[in-house]
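**Student:** Sequence:
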Amino acid sequence: MAEILIDKDRFDFLQYAFFGGDKPFPAVSDRAYRDLCRTLRFHGESGTKYRDHVGKVLEAEITAMLSKLPDTQAGYDTWHHALCDELIGYYASTGFEFNLGHAQKWVNMTMKYIYIYGQLDVTPVFDYLHVPLDSYVFGAVENDLGIKPPCSAWSKLTSYEQYIRYQKRIRAAVTAPPLRWEFQNWLSEAKRRNMNQE
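Using the numbering used here, you'd call the opening residue of the sequence shown number 928 and step up by one each time.
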């Protein structure tokens, strides 16, 4: 992995422009929510109170996980599965549709953004982090690794078994930590799609 130096003024500006906050939470979970909220339907009702509740859940659960680190991939996967189930259960209690595709995206993007934000240390679990599934990742995984997506649209994903099987196939096919692979290949897929639109 190549590293570069950046002056603090530029870093602080970029961090604030992207996340908009001075604290890791709720800045990272709110930013992650923006990556999935267009696929949610609240039928005229604001989703803000639900977002705020989930933000608090994510902060509590991620903070607890980072203070008592899982020491295996299976331990992280078990924690991840339970957290996704908790988010799905919460939304089920509100009467709004929210499935595993939404939950994994929120959890995985929050973990990715915690890493980018840089104020919480996720180094001990970085290798365990899941690839946030979206259409760009589906395209990159199929184009680069030859692995078909588990469903037609990430926001329709409902089976954790199907989800984790796909994550395991990605892990087995890449030589870098999966999230490191995703950083590079999501960007390549985005550039490829932009070139095709011109």
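Calculated from the structure, these hints are not laboratory results. It cannot be assumed that every hint is accurate.
Said to hold, decoys possible - Here are the computed distance ranges between Cβ atoms for each label pair: (1) 1017 x 1122: 39 to 47 Å; (2) 1019 x 1054: 19 to 27 Å; (3) 932 x 1104: 35 to 43 Å; (4) 998 x 1103: 15 to 23 Å.
C-beta atoms are modelled at their ideal positions from N, C-alpha and C, and glycine is treated no differently.
**Student:** Now tell me if each hint is right for this structure.
**Tutor:** Hint-by-hint comparison with the structure:
1. 1017 x 1122: 39 to 47 Å: Because 40 Å falls inside the window, the suggested range holds.
2. 1019 x 1054: 19 to 27 Å: violated, 32 Å
3. 932 x 1104: 35 to 43 Å: violated, 23 Å
4. 998 x 1103: 15 to 23 Å: holds, 21 Å
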